[in-house]
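Undergrad: Use these hints to put chain B onto chain A, whose structure you have.
Protein chains: 2
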Amino acid sequence: MNGRYELTIDKILISSVRNNPDQIISYQGRENITYREFNEVVRNLASSLLRMGVKKGDKVAVIDWDTNRYLEAYYAIPMIGAVLHTVNIRYPPEIIFYSMQHAEDKYVIIRDEFVPIIAKNKSMFSFIKKWIIYSENGKIPEVLEPFENYDNLIKNGERMELPELSEDTVATTFYTSGTTGLPKGVSFTHRQIVLHALASISGLSDPPIGLNSGDVMMPLVPMFHVHSWGIPYSIIMKGLKYVLPGRYDIPLILKIMEKEKVTVSAMVPSIVYMIINNPEASKILSGNHLRIVVGGGALPRGLAEKARSMGIETIAGYGMSETAPILTLSTFTNKVMEMDDQKKTDFRIKTGVPVNLVDLRVFDKEGREVPYDSKTIGEIVVRAPWLTKEYVKDPEGTEKLWKNGWMHTGDLAVVDSYGYISIVDREKDAVKSGGEFIPTLILEDLISTTPGVNQVAVVGKKDEKWGERPVAFLTVSESYNEQDLKKHMDTYVEAGRIAKFWLPDEYRIIKEFTLTSTGKIDKKPLRKNLQGME
Amino acid sequence: MNGRYELTIDKILISSVRNNPDQIISYQGRENITYREFNEVVRNLASSLLRMGVKKGDKVAVIDWDTNRYLEAYYAIPMIGAVLHTVNIRYPPEIIFYSMQHAEDKYVIIRDEFVPIIAKNKSMFSFIKKWIIYSENGKIPEVLEPFENYDNLIKNGERMELPELSEDTVATTFYTSGTTGLPKGVSFTHRQIVLHALASISGLSDPPIGLNSGDVMMPLVPMFHVHSWGIPYSIIMKGLKYVLPGRYDIPLILKIMEKEKVTVSAMVPSIVYMIINNPEASKILSGNHLRIVVGGGALPRGLAEKARSMGIETIAGYGMSETAPILTLSTFTNKVMEMDDQKKTDFRIKTGVPVNLVDLRVFDKEGREVPYDSKTIGEIVVRAPWLTKEYVKDPEGTEKLWKNGWMHTGDLAVVDSYGYISIVDREKDAVKSGGEFIPTLILEDLISTTPGVNQVAVVGKKDEKWGERPVAFLTVSESYNEQDLKKHMDTYVEAGRIAKFWLPDEYRIIKEFTLTSTGKIDKKPLRKNLQGME
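Quick mapping for you: the protein sequence lines, in order, are chains A and B.
Per our numbering, residue 1 is the first one in the first sequence, and the count goes up by one each step.
Per our numbering, residue 1 is the first one in the second sequence, and the count goes up by one each step.
To be clear, the hints were calculated from the coordinates, so they are not data collected in a lab.
Cβ coordinates follow ideal geometry from the N, Cα and C atoms, glycine included.
Possibly wrong hints are sitting among the right ones.
Said to hold, decoys possible - A short, non-exhaustive set of chain B residues, derived as facing chain A with CB atoms under 8 Å:
1. R43
2. T333
3. V493
Stated by the list, open to error - With a straight-line Cα cutoff of 25 Å, these simulated BS3-like cross-link-like pairs (lysine-lysine) come out:
4. K343/B / K261/A
5. K343/A / K261/B
6. K261/B / K335/A
7. K511/B / K259/A
8. K344/A / K261/B
9. K261/A / K261/B
Pulled out of the complex, with its shape left as it was, chain A reads as follows:
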């Protein structure tokens, strides 16, 4: 035992529950339990799963919104050495089936409202040994066999001894919502999750987030999506009041934020957009000094500025499913701290700087680091303690991901003289015109600041001469005027901030964007739209 201490997920609970036994975990502001009670429920659930026969390495899937039940599963399943599979419930049933079969799930914890979708295709899921169903109203739909009522598993019963686990035991697995082809599985160990949580806390302690023990956190990143950026582990480690939103419903979220006095959140840009444009938002959020970490897509300047005008601090975060996910945060380094407010916003919308222990480089094609000149574009590659070892059962994909001992993100970026990274594009989203990349994220950022523009996405249209040319799709409000937009963009060309050939050939207004399962703008239908026009 001397000095030997494995970084396993149960260790998160030990000091946290001890130091904050009366801290609250609130489900939608209507069902509160304390950390002490949560710890009991987790250990009851773990014991019940062991009694049910769940073995080390068994995959246990969860199909649910962001609920207290899900949070219990986040801890209890890995704590018995089983693997938590967070199923993406935004997938169509065929893809859900694919991911569960590919992961070799044996047990499923499922919320009653998802049972009918599965039941319709239940013959496909014959490999599942047991369905563990819960219902908020206590009525379990008995259409899946064999099943168990979740409520029975969290009752006090004989406490089983938890197995001693190596920190390298796999704790979680999930499937990435790739934009092409079938999703790929990734997995993370206990050690990776614990280190990710600890480094996230360190990163988020910097301004303008300044995470501390007085905060109330309500993450709005789905728990099926890259374990909600690891927040279910880092909040508890930090001992914070934790607010779970259930199914996302903006007016309800705002009401919960008001009631529970939420001070910190995390979400994708489209959720920020919906929240701050809700008519109730100003009134509700003005007093909270809310700080939001925005990830899963670039933070548009217009959005950051609007949020700031409402007293809400935003910063960007960056990572991928393969990276647990946090790699960078655009928290302020010492140098940025000294800048004025306007200048700080330039940095808060960048992709950020690597958090502790992340070795992140931007490589040119020859594998040399690009100069920190805000101009030279390269690919982000990374080493860190919390990167997936492999794509599940995909040695080819794994080899490509880990070429030369660096994880290749496929994201293209520049670096400024302060070391802040700005992603200019996903490699696969980039518009390549005349052999040069046109960074669509920069265009989208600038277009978004024009009055009347709500949301924007730039995609490539095939072009005989140039290979591809950029086209901008917009949702707009009444005050929008294309001439103003073009003039606005010309000023950036004149100021030297963008190249003239980067300017979109067309600005097309659409009613609304299709969103991906994780709430980002889906560019696939836009490209299809352009092809259809050819």
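TA: Below, chain B without anything else, positioned relative to chain A:
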């Protein structure tokens, strides 16, 4: 390589130097280098040591004050797989010799002013292969053989490739200043140091410290003492401006604090006392919003209150040489955050709550956790990722330390209903009267709040009837009056805060206390004094 990422000390530098290349490391406010330059010097030194023939596992001792040279050694030595031995320069030469021989040191980095002490006994140190000497004035005393001028080692030269290290490689060793007998050696691995730094940052991010990227930190814990509480690693990891004081000199320290705008420090109570009682202190420190972590002895209430009246925030920290050292901090949990100022002070002077990943319990004699009732006394035992595996070459001491798989601290404590620990005594310092422990730290704390009392130490005097009885030694100012003190103490008995039999039999005024090598009040001469009186 996939996903494999060792927690080695070089990883601290990678993201930190990258994100903060122009951040300053200041030696006494008069010699500044940037992180970028520091990184170069460290890598030059590492290369030179490799060329000199330093091998993996070789012990390299450092004999120095808190200087930039020492900081370079903190990184370069472990980064080549060698072991940094931080020699306690407050020991007499015989004990220095003992610790260096016991550690099997092969190389020594030494500041010129310490050379004469060694040279006087140089025949004892024949096991040293090379003396690496530096001098601020460039004149190297050539009295130790063979020697090398440190300045030659940090010049740009051919860069050697650093060895790939396992995170379980030993990085540091040092000898604990035990109060009885010869000092004992402890050692820490790269992994332990990295995790300790990361968890320290997380803990210190809470109020009232709120450590963040804008802070300027000047630790005043000697670098030979438990690697300055790990701060040389955590400051750099956090990317902060780092101020090194050199040899401790209170007026100079205050001048440096003023010049470099120091915002965070760490020190033992006697240094806090000397700093805040310096006539210049109010003027210099009032604007800095200085926050101080106080460890190595209980934080007396009187001291915390006086500091607070000057706008200085203090909290307590606790740990031992065996624990790297940080185990607890008296930062504010959510519950304490809600209290008023007066009540918060009750908590800031407690021993604190365990930091992330520390599993700390207070056990009674049967190995059961004591109730959280602020009354029941037990021994602090602990498990954590950064505890020494063993006492060097001392299997017996190791076995006692690690009895039943828990590290036994020998510290006696109570726990309050909020989970805050208060050390009531060192097991070996406790006064045992009529079979009951009298917690001297509690008495010292209460006595210290009496007007006119400066410093206090309570020790046990042999007593025929009771075994031992407490005697208080005091340094006092003019306003002191023994009758007032006794009345003051009686009010605590009446309020039920202390037992009547705890009251010291005598209050003895002395001119000054002898301090230990780490600046704590040394109780040994006081006990001797009492024996002499019998």
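Undergrad: All the hints need checking, so say for each whether the structure fits it.
TA: Quick rundown of the hints versus the structure:
1. Proximity of R43/B to chain A is violated relative to the hint, the smallest CB-CB distance being about 16 Å (cut-off 8 Å).
2. Hint status for T333/B: holds, given a least beta-carbon distance of 6 Å to chain A, under 8 Å.
3. With a cut of 8 Å, the hint placing V493/B at the interface with chain A is violated, because the nearest CB-to-CB distance is about 32 Å.
4. A C-alpha spacing of about 24 Å is found between K343/B and K261/A, which places the hinted pair at or below 25 Å, so the restraint holds.
5. Distance restraint check for K343/A and K261/B: the Cα-Cα separation of roughly 24 Å lies within the 25 Å cut-off, and the hinted pair is therefore satisfied.
6. The suggested pairing of K261/B with K335/A holds, with an alpha-carbon distance near 16 Å, which does not exceed 25 Å.
7. The suggested pairing of K511/B with K259/A is violated, with an alpha-carbon distance near 59 Å, which exceeds 25 Å.
8. For the given pair, K344/A sits about 22 Å from K261/B by alpha-carbon distance, which is consistent with the 25 Å threshold.
9. Restraint check for K261/A and K261/B: not satisfied, since their Cα atoms lie roughly 35 Å apart, outside the 25 Å limit.
When the structure is compared with the earlier hints, violations turn up for hints 1, 3, 7, 9 and for no others.
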